[in-house]
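Between the sequences and the hints, there should be enough to build the whole structure, so can you do that?
Mapping to full-length UniProt numbering: the sequence shown position 63 is 63, numbers consecutive.
Worth double-checking, as some hints may not be accurate.
What the hints assert, rightly or not - Beta-carbon label-pair distances, calculated as ranges: (1) Trp-120 with Gly-40: 29 to 35 angstroms; (2) Gly-23 with Tyr-122: 47 to 53 angstroms; (3) Pro-80 with Thr-33: 51 to 57 angstroms; (4) Phe-108 with Pro-85: 17 to 23 angstroms; (5) Arg-126 with Ala-66: 38 to 44 angstroms; (6) Glu-74 with Lys-54: 46 to 52 angstroms; (7) Gly-76 with Leu-37: 42 to 48 angstroms; (8) Val-24 with Glu-58: 48 to 54 angstroms; (9) Ala-34 with Trp-83: 45 to 51 angstroms; (10) Met-97 with Phe-36: 32 to 38 angstroms; (11) Trp-120 with Thr-33: 33 to 39 angstroms; (12) Ile-17 with Glu-128: 39 to 45 angstroms; (13) Val-68 with Lys-6: 20 to 26 angstroms; (14) Trp-103 with Phe-13: 40 to 46 angstroms.
Unchecked claim - Distance condition first, Cα-Cα at most 20 angstroms in a straight line; then the derived SDA-like pairs of lysine to any residue: (15) Lys-27 with Met-44; (16) Lys-27 with Val-43; (17) Lys-54 with Met-7; (18) Lys-2 with Phe-13; (19) Lys-6 with Gln-61; (20) Lys-6 with Met-44; (21) Lys-6 with Lys-27; (22) Lys-6 with Val-56; (23) Lys-6 with Ser-42; (24) Lys-54 with Gly-5; (25) Lys-6 with Pro-80; (26) Lys-6 with Tyr-47.
Note that these hints are calculated values from the structure, not bench results. Backbone N, C-alpha and C define an ideal beta-carbon position, used for all residues, glycine too.
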Amino acid sequence: MKIQGKMFLWLSFFILIMAVVYGVWSKEPVGTTALFLAFGLSVMIGYYLAFTAKRVDEMAQDNLEADVADEAGELGFFSPHSWQPLSLGIGGALAFMGVIFGWWLMYFSAPIIMIGLWGWVYEYYRGENQNQ
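Written out as structure tokens, the structure reads:
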């Protein structure tokens, strides 16, 4: 975690230099603002990672003598059989088509998105996958 925080802070320093150079050279306010916002976002992420790295145990990526197998193990639980992303994808596609073709498509996409979200949140509270 320590190297990740340092990398984001180095990136933020680079983005700040590029924002100043871009702003002076181009005199274009939108791109300059976007670069300064990217600088701020990079500083926030870098600070969070550096702040968190002090409070967690040393990870294998922080040890120069570490092997690949040192980080082996379970990474988390991922649902292998969920149908909810399909309904969210269909609802999202309809919503984005609503922006293009007409806002009336949102009346059809909003219920599909809500059903997908509801199903995804409560997927493991009922049925054969309960308490898994």
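Do the hints match the structure? See the list:
no.	hint	result
1	Trp-120 with Gly-40: 29 to 35 angstroms	holds (32 angstroms)
2	Gly-23 with Tyr-122: 47 to 53 angstroms	holds (49 angstroms)
3	Pro-80 with Thr-33: 51 to 57 angstroms	violated (43 angstroms)
4	Phe-108 with Pro-85: 17 to 23 angstroms	holds (19 angstroms)
5	Arg-126 with Ala-66: 38 to 44 angstroms	holds (43 angstroms)
6	Glu-74 with Lys-54: 46 to 52 angstroms	violated (25 angstroms)
7	Gly-76 with Leu-37: 42 to 48 angstroms	violated (31 angstroms)
8	Val-24 with Glu-58: 48 to 54 angstroms	violated (42 angstroms)
9	Ala-34 with Trp-83: 45 to 51 angstroms	violated (38 angstroms)
10	Met-97 with Phe-36: 32 to 38 angstroms	holds (34 angstroms)
11	Trp-120 with Thr-33: 33 to 39 angstroms	holds (35 angstroms)
12	Ile-17 with Glu-128: 39 to 45 angstroms	violated (56 angstroms)
13	Val-68 with Lys-6: 20 to 26 angstroms	holds (22 angstroms)
14	Trp-103 with Phe-13: 40 to 46 angstroms	holds (43 angstroms)
15	Lys-27 with Met-44	violated (26 angstroms)
16	Lys-27 with Val-43	violated (24 angstroms)
17	Lys-54 with Met-7	holds (16 angstroms)
18	Lys-2 with Phe-13	holds (17 angstroms)
19	Lys-6 with Gln-61	holds (13 angstroms)
20	Lys-6 with Met-44	holds (12 angstroms)
21	Lys-6 with Lys-27	violated (31 angstroms)
22	Lys-6 with Val-56	holds (16 angstroms)
23	Lys-6 with Ser-42	holds (11 angstroms)
24	Lys-54 with Gly-5	holds (11 angstroms)
25	Lys-6 with Pro-80	violated (35 angstroms)
26	Lys-6 with Tyr-47	holds (9 angstroms)
Of the hints listed earlier, those the structure fails to meet are numbers 3, 6, 7, 8, 9, 12, 15, 16, 21 and 25, in rising order.
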